[in-house]
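Engineer: Here are the chains, one letter per residue:
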Amino acid sequence: MAGNSGNAIDPIHQFQITNISSPIVIGGFDFSFTNASLFMVVTVVVATLFLVLSTNRRGLVPGRAQLMAEMSYEFVAATLRGSAGNEGMRFFPLVFSLFMFVFVANMLGMFPYFFTVTSQIIVTFALAILVIGTVTIYGFFKHGAGFLKLFVPSGVPALVVPLVSAIEVISFLSRPVSLSVRLFANMLAGHITLKVFAGFVVMLTGFGAAGIASAILPLVLTVAITALEFLVAFLQAYVFTVLTCMYLADALHPSH
Amino acid sequence: MSPDENKQSKEGMKETDRHLSERLEKLGKTLDTRLDEASAEEEPDRTSAMSGLSQAWKMSSEFIAAVFVGGALGWMADSWIGTRPWGMIILLMLGFGAGILNVLREAGKVAGPERRMNSGKKQD
Chain S
1 MAGNSGNAID PIHQFQITNI SSPIVIGGFD FSFTNASLFM VVTVVVATLF LVLSTNRRGL
61 VPGRAQLMAE MSYEFVAATL RGSAGNEGMR FFPLVFSLFM FVFVANMLGM FPYFFTVTSQ
121 IIVTFALAIL VIGTVTIYGF FKHGAGFLKL FVPSGVPALV VPLVSAIEVI SFLSRPVSLS
181 VRLFANMLAG HITLKVFAGF VVMLTGFGAA GIASAILPLV LTVAITALEF LVAFLQAYVF
241 TVLTCMYLAD ALHPSH
Chain Z
257 MSPDENKQSK EGMKETDRHL SERLEKLGKT LDTRLDEASA EEEPDRTSAM SGLSQAWKMS
317 SEFIAAVFVG GALGWMADSW IGTRPWGMII LLMLGFGAGI LNVLREAGKV AGPERRMNSG
377 KKQD
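For the protein sequence lines, the chains are S and Z, in the order given. If you use this note's numbering, the first sequence corresponds to residues 1 to 256, in order. If you use this note's numbering, the second sequence corresponds to residues 257 to 380, in order.
It is possible that part of the hints are untrue.
Said to hold, decoys possible - With a Cα cut of at most 27 Å, we get these calculated DSSO-like pairs of lysine-lysine:
hint, chain 1, residue 1, chain 2, residue 2
1, Z, K314, S, K195
2, S, K149, Z, K314
3, Z, K314, Z, K365
4, Z, K365, S, K149
Rather than coming from a laboratory, the hints here were simulated on the basis of the structure.
Use the sequences and the hints to build the structure in full.
Structural biologist: So this is what it looks like as structure tokens:
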């Protein structure tokens, strides 16, 4: 644990953003290369290298790496086809990239001393805005003003239509927020919990034999939570993908 | 065992065989209908029921996000138009409504906008 500099173990320290390069300022905005940027680049490189290397020697009988790459393809394709239909497959590059990015970033975050990119709300919010922007632009591009029908349900008395469509608009706008908050909060809470329980082990072992004996419980919990975090890392990438597919389905057929 | 008795028991066997096959058919039919009903009931929430934890996360974040967005919209409208408390009060309440709608939609109690429009089309 890297908590010796302070008097207590600091569970928030792992989320601190630090500059790696010398500060780069363009037009009053800070574009410095930080540890977050570094791990985003690492995520993209790892995902790309994995897919390229595992598929460059394609065998009829897939090897282990090729099988994993094919499984991830099949998995995302099945999810997308299931919720958005065959028409939705035109968004496959976007959805697959999103899934791989979130999944690899979550998994990289499980390494000790690594920075978890998805525990920063601005990163997840940018991803969610990308999704909802695609939905809105494609919806208007394909259906024109008919896309607005999404907000005006038929069969509602004309008197309540303004109220209902106001609520529908807010409900639509809340999607990127909930999409990003869910991923960010899961990763943040998981990593803090892990650090706190691991910190208990370190603190208790400082209290002699009785402390070491009572440190067994948090140690067991830390191992269990680590396993749970691997599950959460996958599950959140999956949930992000499923919801992206559902929103894309809205853009494809707001009414038909 | 006399041959007469044997014959009788054979006939009895035939009788019970027919009876059994009839019962089997009837049972099979009821089983089919039961299974159909069960699968029809399970269909809508199989997609969302990945695990209770993820569903809880989903619902709470949907609700909080809608209230948050409503409040933020109201605050922005107020600072642009200058209707200090009213925009935020009204939009926060609308956001609350949208949050309830999100949660109910998530739980499958209210149809999504797409599905509801379809049913509306059918009535036309």
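Engineer: Run every hint past the structure and note whether it holds.
Structural biologist: Against the structure, the hints come out as follows:
1. In summary, the hint linking K314 of chain Z to K195 of chain S is supported, as the alpha carbons are separated by about 24 Å, within the 27 Å threshold.
2. Only pairs whose Cα atoms come within 27 Å are accepted, and K149 of chain S paired with K314 of chain Z is accepted, the gap being roughly 26 Å.
3. Taken as a hint, the K314 of chain Z and K365 of chain Z pair is honoured in the structure, with Cα atoms around 15 Å apart against an allowance of 27 Å.
4. Of the pairs offered as hints, the one joining K365 of chain Z and K149 of chain S holds, with about 21 Å between alpha carbons and a cut-off of 27 Å not exceeded.
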